[in-house]
Amino acid sequence: WMDRSTLGYTHMGGEGANWVGEALFSNRNHVFQNLGDGTYNHSGYMAIRAAIASNTNITYKILFNDAVAMTGGQANDGGLTVPQVARQVAAEGAQRVVVVTDEPAKYPNDTAWPKGVTIHHRDDLITVQKELAEVPGVTVLIYDQTCAAEKRRRRKRHTFPDPDKRVIINELVCEGCGDCGVKSNCVSVQPLETEWGRKRTIDQSSCNKDFSCVKGFCPSFVTVHGAKLKKGTGVAADHELAQLPDPKLPAIDQTYNIIVTGVGGTGIVTVGGILGMAAHLEGRGVGVLDMAGLAQKGGAVFSHIRFSERPEDIHAIRVAAGRADLVLGGDIVVAGTKKVLATVKHGATQMVVNTDEFLPGEFTRDADFSLPSERLKRTITADAGQDKAHFVDASRIANALFGQSIGANMFLVGYAYQLGAIPLSAVAIEKAIELNGEAVAMNRAAFHWGRRAVIDHAAVEALAKPAPSSASDAEHLSESFEETVARREKYLTAYQNAAYAKRYRSWVDKVKAAETARAAGKSGLADAVARYLFKLMAYKDEYEVARLYTDGAFEKQVKSEFDGDSLRFEFHLAPPILARLDSATGLPRKMSFGPWILSAFRVLAKLKFLRGTGFDPFGRSQERQTERKLIGDYETMLDEVLARLTPENHALAIGLAVIPEKIRGFGYVKQKHLTAAKADEAALFEQFRAGAPGLLKAAE
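The number in my numbering is simply the position in the sequence shown, starting from 1, with 69 added.
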């Protein structure tokens, strides 16, 4: 399910038992088998015993995550510990037992380990696995790390240490390559659409502080020690909660059925709890069924809520097909699934859906992944009916009104209430918010402003619209071709000098003139060249990374996200001369540098005049030579394209012009993308030179 190239199925508790039978008929000598600590505790131990008894070559990777995550994060029965597991499997006859953890020093010296156990940091996981694969018989790797989602849950309850540090991505340094998502597999690494292309940002509200994203091969990651997430007040704090007209509440015909949907970790279950308590306060019958399952964070969550005048009128909690009276969609992807839409009755079910895009786990493996939001809107509208489907960007509005997007769900509740889609009084809902005790003032305000959005949506949108001065230079998107070019010309002047920027401008003007003359009525080529010649010319070498950390923009970004009296930066870099190669992967390993590196950056930024000269100490590296060559190759390509440009091959010309979009990242990551991009470029050039009518028509 996560592109891990894992094949094979077995029942829970039988993990690895299938290989006991298959191994005799396979050319493969060894396999790894994952096993959770909860499953190990209740039945998986028997499968390990069977593998040992049959002398099968297998390594069990027991994930000791300190919680039965699938059913809500409970502790293992019996207080199972890592040393106990190690002693059990060693006593059964495991040939080797190792422990891998993110905190190797946490075990006391007198821990009762079985003989021969070794302890390793999780950074050595690949090396350890390679060693175990060569050991005949059954070996066991115990991976000891508390579930990241469970850590976050316990921190909210103040039962787990909360490190006073946060990770931030310098959006200008980021290349949008997605290697951080590959390394961390974390859905809190989200896209950030900027003037300079798609970058990455950390969704701080859902971050589990695992920090594995910093291993992405990119110099844009900085750990900020002493950082506290800024608690913005938002513009709503300056406005009174005015009296609002009460809507006509729906009647309860035996039962009234609501489904609240969204992704784990955003408060979906809390909404069900608040509405359930409000119904209880009014003396109504209520049943709430939370279906979280495997989705503690980032996956689909459903709350089924049923109201009745008498408790005995509720015979089942789950809302049946075609029986939903209201769907509150905290996430448009989940709201648009077949499972949810099956409960919708056309023309009768009200659907209130948050249009904010929170990309799923697939984004960690596909840097270009985007949500089919418009298609989802059409599907939802077709199922519910034009008058019953309501789409609102609740997360953006909540962030502007209250300074945090977590208020989006209560905003949706208020919106649905004012539509007359919730059969409870506002007094009861607000009392339930108070009893919940979490961010009471903000949740009450969110409920109120959701109601106001129904009454005067334009006014609420106008209030939530950011002031032009509040947007960063990267966040402001150019609105015209001239603005696009002018901003990049200014950037390249700061990057190198005016002559360098003039070289860029002359090429853009040349392409614009040729496109007008040789492909009349067509557009897009000049814009593509304006964006992607700039991308190649503004390659991020050591001088540029240093400039982007010291020109003031990064400091402004940090201050906009974090509070703290004494913030201390830790930079995660892989300097080409200093970085050591990983013995397991053969790739450079990142190193950590303290705040002193900023002084070095300031000096380095002033030496940008050395770039590309004979005195450039970095210019002789293969990567820098390749980057300079890419600019020349692109200009040579443009000469040929402009000489052959016609209305018929215009679309292919644009395709060639945008090839640099695929060249992303740093070091070996960039080289991998470059190889793929050059293959695509060669194929397009072949079509362009051949001028095959069928291919040209398909491209257009």
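Hints were generated in silico from the structure; no laboratory data involved.
Check the hints yourself; a few may be wrong.
To be verified - Pairs of lysine-lysine residues, derived as DSBU-like cross-links and limited to a Cα-Cα distance of at most 30 Å, are as follows:
{"id": "1", "residue 1": "K559", "residue 2": "K625"}
{"id": "2", "residue 1": "K284", "residue 2": "K581"}
{"id": "3", "residue 1": "K698", "residue 2": "K284"}
{"id": "4", "residue 1": "K534", "residue 2": "K284"}
{"id": "5", "residue 1": "K534", "residue 2": "K446"}
To be verified - Just the calculated beta-carbon pair ranges, DEER-fashion:
{"id": "6", "residue 1": "G90", "residue 2": "A411", "range": "51 to 57 Å"}
{"id": "7", "residue 1": "D307", "residue 2": "S661", "range": "55 to 61 Å"}
{"id": "8", "residue 1": "A653", "residue 2": "G90", "range": "47 to 53 Å"}
{"id": "9", "residue 1": "R226", "residue 2": "E172", "range": "18 to 24 Å"}
{"id": "10", "residue 1": "G430", "residue 2": "R572", "range": "19 to 25 Å"}
{"id": "11", "residue 1": "H349", "residue 2": "F101", "range": "38 to 44 Å"}
{"id": "12", "residue 1": "Q312", "residue 2": "G82", "range": "58 to 64 Å"}
The C-beta atom is built at its ideal place from N, Cα and C for all residues, glycine as well.
Here is how each hint holds up against the structure:
1. K559 / K625: holds (20 Å)
2. K284 / K581: violated (42 Å)
3. K698 / K284: This hinted pair holds, its Cα atoms lying about 29 Å apart.
4. K534 / K284: This hinted pair is violated, its Cα atoms lying about 36 Å apart.
5. K534 / K446: Holds - the C-alpha atoms of K446 and K534 are around 23 Å apart, at most 30 Å.
6. G90 / A411: 51 to 57 Å: violated (39 Å)
7. D307 / S661: 55 to 61 Å: Between D307 and S661, where Cβ atoms are some 42 Å apart, the hint is violated.
8. A653 / G90: 47 to 53 Å: Roughly 32 Å apart at Cβ, these two residues miss the hinted range, so it is violated.
9. R226 / E172: 18 to 24 Å: Holds - the Cβ-Cβ distance for R226 and E172, about 21 Å, lies within 18 to 24 Å.
10. G430 / R572: 19 to 25 Å: Violated: the Cβ-Cβ distance is about 43 Å, outside 19 to 25 Å.
11. H349 / F101: 38 to 44 Å: With a Cβ separation near 49 Å, H349 and F101 fall outside 38 to 44 Å, so the hint is violated.
12. Q312 / G82: 58 to 64 Å: holds (59 Å)
Hint violations for this structure: numbers 2, 4, 6, 7, 8, 10, 11, all remaining hints satisfied.
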